[in-house]
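Engineer: Residue numbers (the UniProt record's numbering), protein chains in the order written: chain A, 1 to 220; chain B, 1 to 293; chain C, 1 to 274; chain D, 1 to 294; chain E, 1 to 196; chain F, 1 to 228.
Some clues are possibly wrong.
Just some of the chain A residues that point at chain D, by a computed CB distance under 10 angstroms [as the list claims (entries may be wrong)]: (1) SER63; (2) ARG65; (3) GLN101; (4) THR107; (5) ASP109; (6) ALA175; (7) LYS216.
Don't read these hints as lab results, they were simulated from the structure.
A quick note: this is a predicted structure, and the numbers were derived from the prediction, not measured.
No residue lacks a Cβ here, since even glycine has one placed at the ideal position from N, Cα and C.
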Amino acid sequence: MRSNGRTDEHQLRPLSASFGVLSRADGSSRFGFGTTEVLASVFGPKEVRIRDEKIDSATLQISVRPLNGLSGPLHRLAERQLRDLIEAAVLASIHPRSAIQVTIQVTGDDGCFMSAAVNAASLALLDAGVAQRHLLASVTLAFDPNGTLLLDPSLKELETAKSVHTFTFSNSNDAVIAGVSSEGVYSQDEYKQACTVAQQACATIHSFYRKTMEQKLAPQ
Amino acid sequence: MALDSKRIKGPEKSFVPLPLLVQSTPTPTPTSTKTKGRIDGRGTDEVRPLFATTRLVRQASGSAFVEVGGVKVVCAVYGPKPVPASKVQDHHSGGRISCDVRLSPFAALKRKQFMKEPAEHSLSNNLHTALLPSLLLAHLPKSQIDIHIQILQAQNPTSIPPNAFVSSLSLLLAPCITAASLALADAQIEMMDSVVGCNLGIYRNPSTQKLFWMVDCTEEEIETRSNGGGVWVGNCVVGVMPSIGKVTGLVMDGDIGDVGFVMEAVQVCVDACAKIHEVVVKKALIESAQAKE
Amino acid sequence: MVNPDTFKKLHPQEFHRRFLGKGVRPDGREGLMIDLLNLTLVTPNRIHRNCKRKCARSNGWNTVICGIKAEVAVPDTNHPTTGYLVPNVDFPPICGSQFKPTAPGEFTQSVSEMVYRVVKGNNILDLETLCIEGGKAVWVLYADIVFLNYEGNAVDAALLAFTAALKDTKLPVAVYSDVEGTVRADAADRSVSLDVKRVPFGATFGIFEQDGGAKMAMADPTDEEEAVLISSVTVVVDGESQELMGTFGAQVPIDLMDQCIGQAKKRATAIKKL
Amino acid sequence: MNTGEQPVSTSERNFVTAALREGLRVDGRGAYEFRDLAINLGDGGYGSAEVLLGKTRVLANVAAEVVRPNAANATEGFVHFNTSFSPMASPAFEQGRLTDEEVLISRMLEKALRRSRAIDTEGLCIIAGEKVWSIRIDIHVLDHEGNILDCACIAAIAALLHFRRPDITVEGDNVIIHDMDERNPIPLSIHHIPICITFGFFDNGDRVLVDPTHLEEQVQDGNFIVVVNTHRELCTMSKAGGASLDVARIIQCTEVAAAKAAEVTELVRTALSKVIIRISIYCQHINQFITKVQ
Amino acid sequence: MTVVTPGERLGLAGEFFASNGTVEVGDHIYASIVGTVTTTKSTTSGELDTIQVIPTKKTMKSSIPEVSSIVTGKVLRVNPRMATLSIMVVGDQPCADNFQGIIRVQDVRATERDKIQIYNCFRPGDIVRAEVISLGDSRSYYLSTAKNELGVILATSVAGHTMIPISWEEMVCPKTKAVENRKCAKPVAIGESSTQ
Amino acid sequence: MVVLPGDIVPIPESEQTVRVGPGLRQDVANIVVAKAGILKQSVTGDRVWVEGNQRRYVPQLNESVIGIVTAKHVEGFRVDIGGAHPATLGALAFEGATKRNKPNLEIGALVFARVCLANKDMDPELDCVNPSNGKADGFGEVKGGFMFKCSLGLCRSLLDPKNPFLQHLGAICPFEMAVGMNGRVWVDAGTPKQIIVLVKALLGSEAVPYSKARTYVKEFKSDLTSVE
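All chains should be modelled from the sequences, with the hints used to inform the complete structure.
Structural biologist: Encoded structure:
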């Protein structure tokens, strides 16, 4: 029996997503795996400082802010990984010499805040009407000490995990890994197993996006 | 102290283990035979062997590595590059240089935090004043030359609490000046002459209360404060353009005796620098020039 | 009319694409999947008194020095017997004109974090062996990795320098005296060596698109070649047990990723012999 | 005019003042009416509160850890406030550089909550000189639609009231920290609840209103902040610059503030009580404040 | 070929004319860089021979823009009053760090200077060859493209293909045949190098 | 039919040339969705676009916008129109403006103008002249009244001639309105109270379908007509 009532290892916590949460931002969204919740906001295309200006595309300014405590190198790496993902997803060449600012605020952290951040960022870009090639869905997996693969682990499960993997897939081509970041000690077949389970989990998240979007737009 | 949130953090405070009460293998201190001789048997005006080479950092326009005694210094020169807009005075006055000296965390006995220390600021400023007169900056209008120095090993100036600041200055400034000038020459920056640095310790003989000097003191000579029977009371570092024979940088502090003594000490340093220049610096430059054929 | 340097400066993408089209590398390394890095191990002759081990390492033209200093500290209240292993990667302005003398930017911090993720916990060292006196004093190993010349592919070079330095680190026997509450050790003693469980070896590949759109990987991309890359993949393999210790990547097809892992494992064994 | 913030046109400026002369506000509120307040207490852990005052949104989070006290006052715990203005709140909040508005707000919060001794630091001591609790309150401003200070103050108070630290037992000099499920976690001992009321004034002092929106803040001639608790005790007061205000008007405002404070505390109480966490312990903890007010 | 280091005395000031690589201090000429000394006889009689030190390093040190030197750069920004360039190559020497230069609207062309619409001359991303006319202000050099062989030497069309110049003010995209106007440089014959 | 970025739009075989509207892009062979929204097809089937909503304005040629003057220069004004770059408005870009009599706009003035240059490489340019007849046609400075910000979708619906809300509100109380495509709407009516109620009604109308317009507007009838 896993924490918060989940029976099967490969079961996601209840997903939650909402749009237009903030009034000042051009686009905003909140995404959650159970109690892990992340708020993402998008400003742009907006004015950029001469220093960061690029002549052929928009400059992506990513900022990840933790719930409590000072932000450290962990958040800088999260920002760099998010930028690699979003740079491939957003058609930045449409708005040269401008900035697209994505800000992530963790509002509840019970494990896998990074995956929630990727999903929230992708939905916020959708809400802001920024042209994108594809949407991103991310999920985290962990191998517990006796080798079983847990999907969407909670904080307790992460503390005792042997290895933790975060996979991101796009909705247009699931043969390409949009992003992967894994740590700890694991074998190549464990990596392969995690990759296939992640593929299906991301597919369910993509269909969850579509359902939420239909509810938002369909009633009109 | 403010924890540096931009680095991987270890424990709050950590200490260097204290030496054992009874030294397991007591190192015998050899009593120097020569009256004015030193622990390592050098004469008062003899200079330690100095190893210098160029072309160490491929990315830089010019670079140099200098090793003397326990001190290892790497210098890289980038330039000429555009002057940052904030720093431009009247741009017709020719180029400018900016110096930045850094101690590596593993350079000294105690692991140094990544924060900048006062010793690094004073080293940068003194280096800047020592190099400026030698460079022909008029040939490079509106541009800036960045001189970066990374001290890989500095014996342990920070281990002597009272005048750690002073001894780190005297020990490190001289090799920095030599390395910087070598790197500038390697970067083909036009200069009147290369600049060589040398330090000199001033000791007072307890019995005769007379001052005497020792050229190119090692860290032990400063730390143990007794050298050839004298007590270490002062310190002097000189930067010299050997071929033209002009002194470009002079830092003296402590009890440096009367004017006569000071002139004599400076002259000794100038001769020592000329020797270093002749034997080591020119050879290094010529070697690296030929290597580029 | 246009010499190669000027062409490379004005059109970096075009310059590298033409080379890669023919599978040749502009810096003379042949082939995309070069097997053995040209690795020179420079160890300064004199080990400084307290600093355990220093070695400079240059793969290709990256020159990097890792110095490990051992000090003593009071352990964390809720882990009284675990020591600390604190890795930090630093890019001083000496190693490249793109690094400013200001505080570390996002690049420096993310490389430090990547190395920390590979090295943290008991992956490399059993931190319990660093305990001098439970609850009172433990060893802290500060591993400071400083780049002297940086030309791309930071994580691989940093891990190489780190493992070389760690293998040669020797700690003195430490004595904790309750009376004084201090730790004493003989400075010249070099008796206790560390038992290193795993040797992390990093292999980074650049992903680029062939003319036909097929994605290919090239080993050990330099800073200049990054102009033509879509993304990069870093695989960290344990030299001894061939277990994976880290896979970081973006925009890479699943099969190409497996190829990179296989290639990384092959190169890890080659490096172990060094 | 700070960069990034959208400029205000003269017609908007004139309209706001003209409407105020007729006692009207752009969003239809009365002069002394607060925007509707919603407090969402995270169902995850204890001590996090997201407060929505109209459209202004502030998230506060409280965390505690055991640390060594500093020698000066060995029996006192620590309370750290950290206000961070997230770039998501408004294009004017840049990474790094703090505008003077942000500095003023974080300083006011510090005065209102910490210096006013709202939280009892003596109670945070575990072993004098050895171990004390250090409480860290992070305040994140997520959406800037005006009057961040009042919203942040309510968020901090709600988070502090909602926060529970694990129970501990002390044997000799080692401390056992019990898990949340073993022993009922313990709330912080809070002396009083300071409530911050911000007044904006227009037409150089003739018109005064409570809880200004972002547009009203950009148009106002100056503001005047009163922090008062439910026992009608004044914690801090600030009138930093802007047009001058005659003394009678200031006294009248503090009267209004005192009444408003009771009203807002009532709102905080209902929001907290709506959250089902061992309501029994909860309510009598709050009631001791309320009974004194009647 | 003796290699000299900076500070070495080469000769008396009276005998030689000190050219690059050397410096005159007091009445002597000293070497100012590392290299080999060469003295060239002066062609016109009465003139002093010139002495110079040529650096042995294969690549010359990165040069900096001086007045009337021909530079090549990439257009960063265009606004109605000027185009901002990042100077990447001075003469045929790439410089380590890019300098910033601007082409004011009145320096774009020698003819009809007041009817110039700058976005018909330059677009961001174009590679432009220009001449330095002054050291300019604190941030950038002032450049001009008022000669025939100066102007855009390479531009990519909206569709992303390298365009071919068809007249001094028009370029055509090979794929979409779309014509875009630029202030083009007269293509220089391959052999002849354009640096003065 | 709701579409998300990355979906491929099926092209009807009958049509050879299909004109791709906003929210879609061409990727080698097929048309791919770039923005989320509802896929719309023109009756004749040759035009396809995605109807979505956003708040950030990207300047397009010939769109009328409301700007705020932020700086005055000799040759014109700098105007903030809510886009990525500030727009420039030439001093001569007004009806009947000559070198001698130039319009004087103070900083902070509201301007209703037309985008006459929109290019991703350059800052947008505005003018206050209708290109077809050279007249001002309502362009130029806008004084008094009140300006509120809203989503671009609401602006498009307010500019739709068939919009029932405007007719009903107009019947109850006469008001002037200028709608900028950049998410800014200027309103003026008799008394400030009426303007406030109008703003509330217009902002609320975004969530109300056209069919329920009449009942929705009736609620505001009392506030609009009561004379304070």
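Engineer: Decide, hint by hint, whether the structure agrees.
Structural biologist: For each hint, the structure was consulted:
Taking 10 angstroms as the C-beta cut-off, the interface hint given for A/SER63 holds, the closest approach to chain D being about 6 angstroms. Proximity of A/ARG65 to chain D holds as hinted, the smallest CB-CB distance being about 6 angstroms (cut-off 10 angstroms). With its C-beta approaching chain D no nearer than about 6 angstroms, A/GLN101 sits inside the 10 angstroms limit, and its interface hint holds. Given the 10 angstroms rule on beta carbons, the hint for A/THR107 holds: about 6 angstroms separates it from the nearest Cβ of chain D.
Interface restraint check: A/ASP109 against chain D, minimum CB-CB distance 8 angstroms, threshold 10 angstroms, status holds. Interface restraint check: A/ALA175 against chain D, minimum CB-CB distance 34 angstroms, threshold 10 angstroms, status violated. Interface hint at A/LYS216: violated, since its Cβ lies 19 angstroms from the closest Cβ of chain D, which is beyond the 10 angstroms cut-off.
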